[in-house]
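Trainee: Those protein sequence lines, which keep their order, are chains G and L. At position 9 of the first sequence the residue is numbered 9 (full-length UniProt numbering), and the sequence of numbers has no breaks. At position 148 of the second sequence the residue is numbered 148 (full-length UniProt numbering), and the sequence of numbers has no breaks.
None of these hints come from the bench; they were simulated from the model. For clarity, every value in this text was computed on a predicted model and none was experimentally measured. Treat each hint with caution, since some may be false.
Derived DSSO-like pairs (lysine-lysine); straight-line CA-CA distance at most 27 Å [claimed, not checked]:
(1) Lys123/L with Lys3/G
(2) Lys123/L with Lys42/G
(3) Lys32/G with Lys3/G
(4) Lys57/L with Lys3/G
Far from chain G, by Cβ distances over 12 Å, these chain L residues were calculated [what the hints assert, rightly or not]:
(5) Asp17
(6) Met54
(7) Ala101
No residue lacks a Cβ here, since even glycine has one placed at the ideal position from N, Cα and C.
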Amino acid sequence: MNKIMFFAHLRDRVGEESVTRDVSGKTIAELKQLLEEEFGLKLDSVMAAVNEEFASDDEVIQNGDAVAFIPPVSGG
Amino acid sequence: MNFEISKDPINIQSVIDKVVQREAGAITTFIGTVRELTHGKKTLYLIYEAYESMAVKKLEQIGTEIKERWNGAEVAITHRTGKLDITDVAVVIAVSTPHRADAYEANRYAIERIKEIVPIWKKEHWEDGEEWIGNQLETVAYPKGKPEGEDLNE
Numbered sequence: 001m002n003k004i005m006f007f008a009h010l011r012d013r014v015g016e017e018s019v020t021r022d023v024s025g026k027t028i029a030e031l032k033q034l035l036e037e038e039f040g041l042k043l044d045s046v047m048a049a050v051n052e053e054f055a056s057d058d059e060v061i062q063n064g065d066a067v068a069f070i071p072p073v074s075g076g
Numbered sequence: 001m002n003f004e005i006s007k008d009p010i011n012i013q014s015v016i017d018k019v020v021q022r023e024a025g026a027i028t029t030f031i032g033t034v035r036e037l038t039h040g041k042k043t044l045y046l047i048y049e050a051y052e053s054m055a056v057k058k059l060e061q062i063g064t065e066i067k068e069r070w071n072g073a074e075v076a077i078t079h080r081t082g083k084l085d086i087t088d089v090a091v092v093i094a095v096s097t098p099h100r101a102d103a104y105e106a107n108r109y110a111i112e113r114i115k116e117i118v119p120i121w122k123k124e125h126w127e128d129g130e131e132w133i134g135n136q137l138e139t140v141a142y143p144k145g146k147p148e149g150e151d152l153n154e
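Using the sequences plus the hints, can you model the full thing?
Mentor: Below, the structure is given as structure tokens:
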């Protein structure tokens, strides 16, 4: 299983800090498409992180990986 | 712990104390504060949210990048989360180096990198609404890249 985390406006839209899904074997791009359909999100300018490190769209998710969607950041 | 996310007000001196070293000839301190007016629009307060575990890792990465680029540098960064009022301190960066030019440059580098790769977001609250802020250009962050020229003045 995989923990999928949302932040900022994505969290507001999804209504949850995280959801649990089995998405092992899928790429980040495929997961983005699934989440766009399920929650009506727009993820094309959103970065992904796998296990707290930035991941590219073609990275394949492994069982147990924690995936986070990171909108453009605005700290500082 | 030179790199922290804090829910409590930041003690500026304690961040500075972390970079004190006998080899240093300079310590620069950057204090980021909550501005009332942005492009004429009045902010009432901000909420900062972080992906805390990853944010600490990315702050540590910035520290590593600085030590690779500026010989003898020591770095400490604390970023606040939660509700902040106008003039509150959102981030403190302290850098010490043997010579002052490096301390200024490295400190500038740290704040620009925070705005690129550290997963922290602010939600602006105005009199007539609220909004999560992406970067000011509405473009994608570049986790590996150098700061873009347009981003340097926000």
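Trainee: None of the hints should be skipped; say for each whether it holds.
Mentor: These are the hints, each one checked on the structure:
In summary, the hint linking Lys123/L to Lys3/G is supported, as the alpha carbons are separated by about 24 Å, within the 27 Å threshold. The suggested pairing of Lys123/L with Lys42/G holds, with an alpha-carbon distance near 18 Å, which does not exceed 27 Å. Annotation: proposed proximity of Lys32/G to Lys3/G holds, straight-line Cα distance about 14 Å (limit 27 Å). Taking the CA atoms of Lys57/L and Lys3/G, the gap is about 19 Å. The hint holds against a cut of 27 Å.
The claim that Asp17/L is not at the interface with chain G holds, since no C-beta of that chain comes within 12 Å of its own (minimum 22 Å). Distance check on Met54/L: its Cβ comes as close as 4 Å (rounded) to a Cβ of chain G, failing to clear the 12 Å threshold; non-interface status is violated. The Cβ of Ala101/L sits about 22 Å from the closest Cβ of chain G, beyond the 12 Å cut-off, so the non-interface label holds.
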